[in-house]
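For the protein sequence lines, the chains are D and X, in the order given. Letter by letter, the first sequence follows residues 1 to 415 of my numbering. Letter by letter, the second sequence follows residues 1001 to 1576 of my numbering.
These are computed hints drawn from the structure, not numbers from a lab. One or more hints might be untrue.
Claimed, not checked - DSS-like mimics (lysine-lysine), calculated; alpha carbons at most 27 Å apart, straight line:
| # | chain 1 | residue 1 | chain 2 | residue 2 |
| --- | --- | --- | --- | --- |
| 1 | X | K1565 | D | K412 |
| 2 | X | K1565 | D | K7 |
| 3 | X | K1369 | X | K1328 |
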Amino acid sequence: MAIDIEKANAKVVERFMEARPVATTLAKAIEVVPGFHENMLLHAGPPVTWERMSGPMKGAMIGALIFEGKAKSAEEAEKMLSGGKIEFSPNHEHMCTGPMAGVISPSMLVYEIENKTHGIKCFSNLNEGRGKVLRMGAYSQDVLDKLSWMETTLGPTVKAALEAMDGIDIRAILSKAMHMGDDGHNRLDAASVLWTTQLAPWIAKTAKNTDTAFEVIKFLGENALSILNPVMAGCKTMTAAGHNVEGSTIVTIMARNGTDWGIKVSGLGNQWFTAQSPIVKSLYFPGFTEADACRDIGDSVITETAGIGGFAMANSPALVTFIGGVPKDAINTTLDMYEITYAEHKQFTIPLLDFRGTPTGVDIRKVVEKQITPRVNTGVAHKDPGVGQVGAGVASAPMSLFEDALVAFAEKYNI
Amino acid sequence: MAIIKTEIRRGVYIDSAKLMKLQRSLADFDGILDTGVIMGTDSNKELLSHIGLTSPEILASKPDELVIALKADDEKSAEFALSKVDELLAARKGNNDQDYQPRSLETAAGMLPDANWVIVSVAGRYAAGVTREALRLGKHVHLFSDNVSIEEEIELKKQARELGLLVMGPDCGTAMIGGMGLAFANKIRLGPIGIVAAAGTGLQQVACRIHQLGSGITSGIGTGGKDLSEKVGAITFLMALEVLARDPDTKVIVLTSKPPSPKVAEEVLKKARKAGKPVVINFIARPVTTLRDGNLFFATGLDDAARLAVELANNPPQIGSDIDVDLKIFKPEQKYLRGLFSGGTLAYEAQYILAGYLPKVWANSPLNKENKMENSLVSQEHSIIDLGEDEFTVGRLHPMMDNELRIRRLYEEAKDPEVAVIMLDVVIGYGSHPNPASEIAPAIKKVLDDTKKANRHLEIVCVVTGTDEDPQDFNEQVKLLKEAGAWVDPSNEVVVRRIGRILRALAERDSEDTAAIGKPVDLESLKKPMQAINVGLESFSENLKDQNAPYVQVDWKPPAGGNEKLAGILERMKNL
């Protein structure tokens, strides 16, 4: 097959950049997520078996079954999960994304994010805030109580507001937040405030009472990651628009499950390329060390795939404290990412670099040639279920993913 | 007891200068007795074993692996030194204020878009790839690296020629462009002399002598020592010569080379003759047979070349056309010489001198037996016939006494439509024919009349050897021959060089119109202030910095970390 890699790649990144994700509403996952069913749990990263599953993901699965009312106790849940009764499937196979363990169960509410340019819909669960949370594998009663509150109060209130205001343009918020100190992944303080500011008047207007409005706005405003999940689904709608273009070497999915890293490449269809997930180079919360860390986990690296996050580090020099670096390191991280990407983003720019667009569209050719892999800003979960977040830092994707993909590309296209 | 400690690192590439620096720095730590920091090639491993630094790990290391071997007083000293390796490798010279070292040439070109040069000094096996990339980006390349195969050199240079770009190298140590030195170079003042050199230290020697003699250079363009080999065919050399010929600031050009292929050297001289300005030639080991040939000045050595160039720049010589006849009067098929000699030595000298002008001259009595005529009675292409040879004098008087045979041969040669020039020697004095011109001149006149009728021009030239006190009277002989239409001179060398120039011009007449190969080098790109991208030895960046030239140092690594399979795929993808 005669292919024109440059043309294919240009098309892919063009689609990434033209995509305009808008958060339109929320719905029960089982009702809107394609290919979902009652006995399925979705999770972050590439496919994984119960045996190989990381601690936090196991914890989140247990919590999800209890939340669904399918199991009464952790033991019961574990038995079901290890007994083959429940099907596990990656979020990415269902147009979903979820941070950290990323577990989505059928009755959970999910954001519906629609790429208005290409008509693609993606989904993500609701963010629980920091601390002990399901996405880090915690499933104690307080965690489950918060999930219930999210399903009964937070979700319906935000849904009503979003519908009343006719949606929120995620791309517009991100463009602005890029100039307000956010990287769009690990630091979303500005974007979360913008999100809350836009929602607040409509929540005030549509909430069933002022107490609810107060609770919800307070929760959204206090959570610096309120917008993380809609942002991830938004990024997913961008990269999904560029997937399956024949002859393209651009990466359209990167994701980790705490055991493996996985990528998909636009011109290589639905094949996952996987390798062991690395330990994150991290600053740990007091009392924790690297020995406590779960391997890199979560779908949030979809942000880097779309051209923000670690790639936009130059906009977020505050983040270098996580790695004990200096602001110049943030700039150099972004400059390094230009070496492995195909384009500079039209919507997301970096004032410090003369408003250059962020490095966009990881090109497996460049990654392999220069032996530089994508850099990710990320949180770190405890390796045991139920403990929660222990730090934050940066990780680099394993090189072999891209080398394997390059070899597969050469085979597929007879190069 | 001393211990040996080794660390092997895979998939890293560090240039050799940095390795040596690391080696020296490690040796400075307390308790370190000896160090070896090498890439694991067989020859490197052998070097280490010679100084007693060997271990099973070292022996098992591969060429793309970095081997750090230490001999130390104790384990602790060795471990301490090894713990410092990363720090030492990361340490850059303090005065390098480049904020960000790009990882690729492409990014560097984006950072310094006006950079017109790329200096490449990475390991030989990667140098061609980097050079290709630089050419793709439209940059001239100073290819310092050695161990680039001749096949790759040819391919790179051909590609560069298509793009009008110079590839100086491989294995090119020196270049000085617009007053800036690249790699090994001297601070030479700007001046009127341009140098092209397939000789690194040759370039330095000539340039320095020019400077010492009070003059200066426009550019010193290195080409790499193999450029004048038969295989490479002087691709870069000719491009450099051509651009300097076009440069109004370059008044004199110096060409110097390590021993060139004789054939290629002639090709270069052919182009140099068309430079339109004085060109000083010093090709090592090429015999100097004349000091001047038109605009070409032949030097006896590097120093002589510098001296000549300065002298010519100070006192520009008259450079006119090197021939005094209009080539248009000859028919296209006319191109050959027939020399009809009575004197053996004169015939030999003619052959010797003409070798500098013509590819092959046949003779019945040749200097070199490969040039022997098949049949002395039948001329072929350029032929010089000594009619005083025994084969012609059996039962007949020597042609110095009897003109009959020569005149008959003259009539015969004149009928050949491919003949352009006929040369005759007339030797007078005691013992010779009492008045040779009285017989030869009418024959010349007849021949010229006949050819004129046949609508073509024949050039007849004569050397007359004799004096005004000879019985035949030299002046009278010359007068008769001139009146008949011959061009006459008393010097055999003068006559032969003149016909050499005419015949050479006739031979080149056809090639003059053929379109030049490739694209000419943009003169402006050599005149613009130097800005360069350096890939490899960081000290070359330091040089640029010291000369206040904008530069970007690339933090270069082998493509795909040296993995040949992957690098192969990447290269093929580029050529899809």
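Against the structure, the hints:
Among the hinted pairs, X/K1565 with D/K412 is consistent with the structure: their alpha-carbon atoms are about 16 Å apart, no more than 27 Å. About 25 Å separates the Cα atoms of X/K1565 and D/K7, which keeps this hinted pair within 27 Å; it holds. With a C-alpha separation of about 35 Å, the suggested pair X/K1369 and X/K1328 falls outside the 27 Å cut-off, and the hint is violated.
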